[in-house]
Amino acid sequence: MAITGRIWRVSGPVVIADDMRGSQVYEVVDVGEQRLTGEIIALEGDKAVIQVYEDTVGLRVGEPVVGTGEILMVELGPGMVGNIYDGVQRSLITMMDDIGDFLTRGARTHALDREKKWHFTPTVKAGDVVEEGDIIGTVPETGLIEHKVMVPIGLQGTIRNISEGDFTVEETIAILDHKGKESPLKLMQRWPARKPRIYKQRFFPEDLLVTGTRIIDYLFPLALGGKAAIPGGFGTGKTVNLQQMARWSQTHLNIYVGCGERGNEMADVLYSFKKLRDPATDRLLQEKEIFIANTSNMPVVAREISIYLGITMAEYFRDMGYDVLLVADSTSRWAEAMREIGARLEETPGEEGFPTYLGSRLASFYERSGRVTCMGRPERMGSATVIGSVSPPGADFSEPVTQSTLRIIDALYSLDVALANRRHFPTISWLQSYSMYADSVDKWWNRISKDYTDVRNRTLIILQNEADLEEIVRLVGPEALPEDDKLLLLVARMIREDFLMQSAYHPVDTYSPPERSHKMLSTIIRFYDVAKEMAESGMLVSEIAQSKLIPRISRMKDIPHDQIDDYVNSLRTDMDKGLIAEEGGI
Amino acid sequence: MDSVQLFTRQTKAISIAHRSLLIIESIPGIRYNEIVDVQLGTGETRTGQVIEVGKKTTVVQVFGGVSEVDLQNSRVQYKGETLKLPVSPDILGRIFDGSGTPIDGGPPIVAEDYLDINGVPANPASRMPPAEFIETGISAIDGLNVLVRGQKLPIFSGSGLPHNKIAAQILRQAALRGKAEDFAIVFAAIGVSYDDAAYFISNLEETGALSRAIGFINTASSPVIERLSTPRLALTAAEYLAWEQDMHVLVILTDITNYCDALRELAAMRGEIPSRRGYPGYMYTDLASMYERAGRIAGREGSVTILPILTMPDDDITHPIADLTGYITEGQIVLSRGLERKRIYPPIDVFLSLSRMMKEGIGEGNTREDHNNVFMQSYAVYAEGNYLREISTVIGSEALSDRDKVYLSAADRFERTFISQAEHERRSVEETLGIAWNIFSMLHKEDLKLIQEEYIKKYLPEPS
Numbered sequence: 001m002a003i004t005g006r007i008w009r010v011s012g013p014v015v016i017a018d019d020m021r022g023s024q025v026y027e028v029v030d031v032g033e034q035r036l037t038g039e040i041i042a043l044e045g046d047k048a049v050i051q052v053y054e055d056t057v058g059l060r061v062g063e064p065v066v067g068t069g070e071i072l073m074v075e076l077g078p079g080m081v082g083n084i085y086d087g088v089q090r091s092l093i094t095m096m097d098d099i100g101d102f103l104t105r106g107a108r109t110h111a112l113d114r115e116k117k118w119h120f121t122p123t124v125k126a127g128d129v130v131e132e133g134d135i136i137g138t139v140p141e142t143g144l145i146e147h148k149v150m151v152p153i154g155l156q157g158t159i160r161n162i163s164e165g166d167f168t169v170e171e172t173i174a175i176l177d178h179k180g181k182e183s184p185l186k187l188m189q190r191w192p193a194r195k196p197r198i199y200k201q202r203f204f205p206e207d208l209l210v211t212g213t214r215i216i217d218y219l220f221p222l223a224l225g226g227k228a229a230i231p232g233g234f235g236t237g238k239t240v241n242l243q244q245m246a247r248w249s250q251t252h253l254n255i256y257v258g259c260g261e262r263g264n265e266m267a268d269v270l271y272s273f274k275k276l277r278d279p280a281t282d283r284l285l286q287e288k289e290i291f292i293a294n295t296s297n298m299p300v301v302a303r304e305i306s307i308y309l310g311i312t313m314a315e316y317f318r319d320m321g322y323d324v325l326l327v328a329d330s331t332s333r334w335a336e337a338m339r340e341i342g343a344r345l346e347e348t349p350g351e352e353g354f355p356t357y358l359g360s361r362l363a364s365f366y367e368r369s370g371r372v373t374c375m376g377r378p379e380r381m382g383s384a385t386v387i388g389s390v391s392p393p394g395a396d397f398s399e400p401v402t403q404s405t406l407r408i409i410d411a412l413y414s415l416d417v418a419l420a421n422r423r424h425f426p427t428i429s430w431l432q433s434y435s436m437y438a439d440s441v442d443k444w445w446n447r448i449s450k451d452y453t454d455v456r457n458r459t460l461i462i463l464q465n466e467a468d469l470e471e472i473v474r475l476v477g478p479e480a481l482p483e484d485d486k487l488l489l490l491v492a493r494m495i496r497e498d499f500l501m502q503s504a505y506h507p508v509d510t511y512s513p514p515e516r517s518h519k520m521l522s523t524i525i526r527f528y529d530v531a532k533e534m535a536e537s538g539m540l541v542s543e544i545a546q547s548k549l550i551p552r553i554s555r556m557k558d559i560p561h562d563q564i565d566d567y568v569n570s571l572r573t574d575m576d577k578g579l580i581a582e583e584g585g586i
Numbered sequence: 001m002d003s004v005q006l007f008t009r010q011t012k013a014i015s016i017a018h019r020s021l022l023i024i025e026s027i028p029g030i031r032y033n034e035i036v037d038v039q040l041g042t043g044e045t046r047t048g049q050v051i052e053v054g055k056k057t058t059v060v061q062v063f064g065g066v067s068e069v070d071l072q073n074s075r076v077q078y079k080g081e082t083l084k085l086p087v088s089p090d091i092l093g094r095i096f097d098g099s100g101t102p103i104d105g106g107p108p109i110v111a112e113d114y115l116d117i118n119g120v121p122a123n124p125a126s127r128m129p130p131a132e133f134i135e136t137g138i139s140a141i142d143g144l145n146v147l148v149r150g151q152k153l154p155i156f157s158g159s160g161l162p163h164n165k166i167a168a169q170i171l172r173q174a175a176l177r178g179k180a181e182d183f184a185i186v187f188a189a190i191g192v193s194y195d196d197a198a199y200f201i202s203n204l205e206e207t208g209a210l211s212r213a214i215g216f217i218n219t220a221s222s223p224v225i226e227r228l229s230t231p232r233l234a235l236t237a238a239e240y241l242a243w244e245q246d247m248h249v250l251v252i253l254t255d256i257t258n259y260c261d262a263l264r265e266l267a268a269m270r271g272e273i274p275s276r277r278g279y280p281g282y283m284y285t286d287l288a289s290m291y292e293r294a295g296r297i298a299g300r301e302g303s304v305t306i307l308p309i310l311t312m313p314d315d316d317i318t319h320p321i322a323d324l325t326g327y328i329t330e331g332q333i334v335l336s337r338g339l340e341r342k343r344i345y346p347p348i349d350v351f352l353s354l355s356r357m358m359k360e361g362i363g364e365g366n367t368r369e370d371h372n373n374v375f376m377q378s379y380a381v382y383a384e385g386n387y388l389r390e391i392s393t394v395i396g397s398e399a400l401s402d403r404d405k406v407y408l409s410a411a412d413r414f415e416r417t418f419i420s421q422a423e424h425e426r427r428s429v430e431e432t433l434g435i436a437w438n439i440f441s442m443l444h445k446e447d448l449k450l451i452q453e454e455y456i457k458k459y460l461p462e463p464s
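Residue numbers (the numbering used here), protein chains in the order written: chain A, 1 to 586; chain B, 1 to 464.
Everything labelled a hint here was simulated from the structure, so no lab data went into it. Everything numeric in this text was worked out from a predicted model, so none of it was measured. Honestly, I wouldn't trust all of these hints.
[Said to hold, decoys possible] Derived list of chain B stretches under chain A, where covered just means 3 residues or more per stretch with a C-beta under 8 Å from a C-beta of chain A: (1) 224-235; (2) 286-294; (3) 330-338.
From the three backbone atoms N, C-alpha and C, an ideal C-beta is built for every residue, glycine too.
Just need the whole structure built from these sequences, with the hints factored in.
In C-alpha cells:
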C-alpha cells in the first residue's frame with residue numbers, strides 16, 4: 001500500500017517529509033493537498049527529502065505526502081511525435097485544452113492520448129517465439145515515422161493472439177506466454193527516466209550527420225551517434241544554431257529540449273515547425289519532431305529531469321533502428337537547476353557553487369549518445385546524437401559547465417562574440433572549433449568527392465594564415481603586404497563571406513546539402529589556384545579583386561538547388577578559360 | 001486558500017531576530033511563502049514573508065528589517081495568503097509604492113480580483129511568437145534593432161548615460177503603425193533616486209499619458225526588500241491589463257541593477273552560498289521569472305512588452321546582471337560612452353545592440369520591403385568605416401585609398417544623421433530608411449552588395 005507521510009519542512013523546491021519509512025529513492029510522490037508531483041532524492045531514517053516539480057508556494061507543514069511506489073517513468077509509445085511536453089512529460093497541448101493558457105499547479109495529463117486508436121500491423125504471428133527488443137509490429141505514427149512496436153526489455157516468450165487492428169495505447173495487442181506466465185503486450189511501454197536503455201553493441205560513429213550548415217558539415221563534421229557542444233555568450237546565436245540543426249538535420253527524428261530558455265523562442269520554434277518542410281521528404285517538420293519545453297520561468301526542478309526525459313525518448317527511437325538527434329538548449333540551465341537543488345540540500349559545493357557531481361552528471365548524459373546495434377530482431381542499427389548548448393557567464397569558457405563539457409564531447413562548435421558583433425552568422429569560430437569525427441567521416445565524404453580531404457585541409461590552412469596576417473595588417477595596413485599575402489586575404493574573405501556565412505532566414509541558403517557545399521567551396525579554392533597563376537604572371541591582386549567572377553561566386557549561395565550545378569559549371573568553365581582578367585575589363 | 005481558520009494564526013514565540021530574519025517557533029498551518037504582519041512593541045506593523053517553514057521553526061523575512069523588534073512584545077500574525085495585488089480597471093492612472101499601497105493621495109482600489117504577484121507561467125504551447133512592429137520614432141531602434149509587441153528588450157546603460165531620456169522618449173512616442181490605439185504604460189521604479197522617479201512621472205503628466213499609466217515607486221530610501229516586490233507588482237498589473245482587459249502594455253523596469261543588488265543583499269542575510277560576484281546562483285531563474293512575463297498569447301488581444309533598464313557596473317557587459325539579463329531577453333540596446341562623449345544622442349552602440357525579434361517585425365506588410373536590405377547594408381557600411389577609422393589611427397588617414405575615405409565619411413555621417421536625433425524628434429520608419437539611403441548615395445552603386453537591384457532602382461537618390 002502507498003506510504004503516506006507528512007510535510008515536515010519546506011524550503012524552496014525542496015520538501016522534507018516524515019513518516020516516509022519504506023519509500024525508495026527516486027520514488028515519485030504526491031506532495032500536499034494540491035498533489036504536486038515530487039521525487040524522493042534522499043532518505044534519512046523516516047524522513048524523505050523530496051524535490052518538487054512544481055511551485056511549492058502555499059504548502060503547509062503537516063499536509064500529506066503520498067508515495068506512488070514507482071520511480072519516475074517515461075511513457076513510450078505512439079503519440080509522442082509532434083507532441084510538446086513539459087519536463088515531467090505532461091502534454092502541453094492537452095494542458096492547453098484542459099486548463100488553459102497558464103500552467104496552474106497540480107494539473108495532470110497523460111503523456112500519451114488514452115482515447116486515440118492507432119492502426120497496428122503485426123510483423124510476427126501467433127506461435128512465434130520472441131525475445132526482448134524484437135519488433136512485433138508497426139504503427140504509422142506520422143507521415144514520416146513508422147512506430148516499431150517492440151517487446152519490452154525483460155520479457156520473452158511465445159506470441160499468442162496477435163492481430164491487425166485499431167488499438168489505444170492501453171489495449172492489449174498480443175499475449176506473450178513465457179512458461180505459462182502470460183504477459184499482455186500493449187502499444188505503450190514505460191521506462192525509468194534516469195536509466196539508460198540497453199543495446200547489444202556500440203560502434204564508433206562514422207557516417208556524417210548532415211545538418212545543412214556548411215561550416216559544420218564540411219569543416220567540423222558531426223557523425224551519427226556523436227556528441228557535440230555549442231558554447232557561446234549571449235547574442236552569439238546558440239539557439240538559432242540549434243534550431244537550424246533540429247530543422248534540417250537528415251535524421252529520422254529530432255528531439256528538441258528547451259531547458260530553461262525563452263518562451264518566445266520556444267513559440268517561434270513550435271510555429272515554424274508547423275510550416276516548414278523537410279528537404280528530403282517534403283513533409284511537415286513536426287512529423288519528425290518531439291518538443292520538450294521547460295522555459296526559464298517554469299519550475300526549476302523540472303529542468304533537471306527534462307534532459308533525462310529527452311534522452312530516454314531518443315534511445316527508444318534509436319532502438320527501433322532510427323537515427324535520432326537530441327538537441328538540448330541549454331545544459332547550463334540544467335546545471336544551474338542541479339546547483340539550486342544542491343544548495344537547498346546544503347551539500348558541500350564545488351566550483352562556483354555547482355555540485356561536485358556536475359562533471360559526472362554531464363558525462364553520463366552525453367554518454368547516452370551512440371551508434372549501436374539494437375536489442376532484438378530483426379538485426380538493426382540505430383543512433384542517438386546529442387548536441388548540447390552551453391551558456392557560459394560572460395562568455396568566459398573557463399567556467400565549470402563549459403570545462404566539464406569539453407572533457408566529454410568529441411565535437412566543439414565554439415561561438416564567437418566578435419563574429420556576432422560583426423554580424424557574421426553562424427558565429428561558429430573556425431579557429432576554436434574542432435571535430436574528432438573528421439577522420440572517421442572522411443570515408444563518407446569521399447563518396448561525394450575524392451577532393452574533400454584536400455579542399456578541407458587547404459581551407460583550414462588559409463583561414464589560419466589569414467588570422468596570422470590580420471595581426472600584421474593592423475600594424476602596417478593592408479597595402480604594405482606582399483602580393484601573395486594580399487591574394488590569400490582576398491580568398492580567405494571569399495571563404496568567410498561566400499561559404500562560411502550562411503543565412504538561417506534565406507529560403508535556399510538555410511539548408512545546404514553536402515554536394516552543394518562541396519561545389520561551392522571547391523569553386524573558391526579553384527579560383528585561388530587560377531588567381532595564383534595570374535598573380536605569378538604579373539597581375540596585381542587589386543586587379544584580380546575587380547574580376548566579375550567574384551560577385552558571381554558570392555551569388556552561389558542564393559542559387560536555387562535545381563540550378564546550382566549549371567551555375568557552378570559555367571562559372572568553372574569561365575574560370576578555367578582564364579577569364580579572371582578579361583571579364584574584369586581592366 | 002482556506003476561508004475559515006480554526007486556530008489562532010498568531011504567535012509571540014520569536015526566538016531569534018537577526019538582520020532581516022526572524023526565527024519563530026512554528027505553529028500549525030503555516031504556508032510556505034505566506035505573508036505575515038509583524039506587530040512591534042512600538043505599535044508599528046511591518047510586513048514579512050515566510051521563507052522556510054518546518055515542524056519546529058519558521059523563518060520569516062521582514063520587509064523593512066528587524067530594527068526595534070524585541071523578543072518579548074513583538075508578535076507575528078500569519079495572513080494565510082501570498083503577496084497579492086488588488087486589481088480593477090481603476091488602477092490605470094494610479095501610483096503605488098513597492099508594497100502596492102496607493103501613494104498618490106487617491107482612494108484605495110476597490111478590487112475586482114486579487115492576483116498573486118508572482119504570476120503563473122504561460123503554457124509555451126499557448127504563446128504566439130511576437131511579430132508586430134512598434135514604431136518608437138528612434139532611428140537606431142526602428143532601423144536596426146526593431147522592437148516588437150511581446151518582446152523583452154533591455155537597455156544596457158552605464159552611470160551618467162541618458163537611459164532615462166531614451167526610455168521616456170520611447171514611452172512618449174511608441175505606437176503601432178497605422179493604428180491609433182495607445183499603449184498602456186506600467187512603470188516600476190526600483191531603488192532609483194527620487195528625482196529619476198519624478199522625471200518619469202512628470203514626463204507622463206506632460207504628455208497626458210498618465211491617465212493610461214500605472215506607477216510603482218520604490219525609491220533609494222524605501223525598504224530594500226520591496227525592490228523585489230516592486231517589479232512583480234508592476235508585471236502583475238501589466239498582465240491584468242493585457243490578458244483581462246485586452247490592452248497592449250509597455251512595461252519599464254528601472255533599475256534592474258538595484259533589484260539584483262537587493263536580491264544579493266537578502267540572499268547574503270539568509271546565509272546562502274553565493275555565485276559570481278556574490279550574487280545568488282538562482283539569479284538567472286529569478287530574473288527569468290520576471291522577464292518571461294512578456295509575450296503574446298494566441299487568441300488574446302493584449303500583449304506585454306518589457307523594457308528593463310540596467311546600469312552596467314563599470315560599463316562591463318560581462319557583469320552578471322547584464323550577462324544573465326542578456327541570456328534571457330530577446331536582444332539588448334547598449335549605450336556607448338564613446339558616442340555620448342561625441343555628444344551623440346541617443347548614444348546607441350549599433351554593434352553591441354541586437355534585437356532577436358527583428359526579422360519577424362520588418363519587411364513588406366510590417367515596415368517596408370527594403371528594410372532588411374537597408375539594415376544589412378547600413379550595418380556593413382558603418383562597420384567598414386569604423387574598421388578603417390581604427391586602422392587610420394595607426395597608419396594615418398593619408399595611407400587610405402579614395403574608396404576608403406568615402407567609407408570613413410559615410411560612417412561619420414551615419415553617426416551624425418542616422419543615429420543622432422533630437423530628444424523630441426519622432427521619425428517615421430520611412431524617414432529612418434530615407435536617411436540610410438542618403439548615406440548610401442555617397443558610395444559606388446556596386447558597393448551596395450547587400451541590397452537587391454530593384455530596391456536600388458526604387459529608393460537610391462540621385463547623387464547631388
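Do the hints match the structure? See the list:
1. 224-235: Violated, because only 0 residues of the region 224-235 of chain B bring their Cβ atoms closer than 8 Å to Cβ atoms of chain A.
2. 286-294: holds (count 5)
3. 330-338: Check passed, 3 qualifying residues.
In this structure, only the earlier hint numbered 1 is contradicted, and the remaining ones agree with it.
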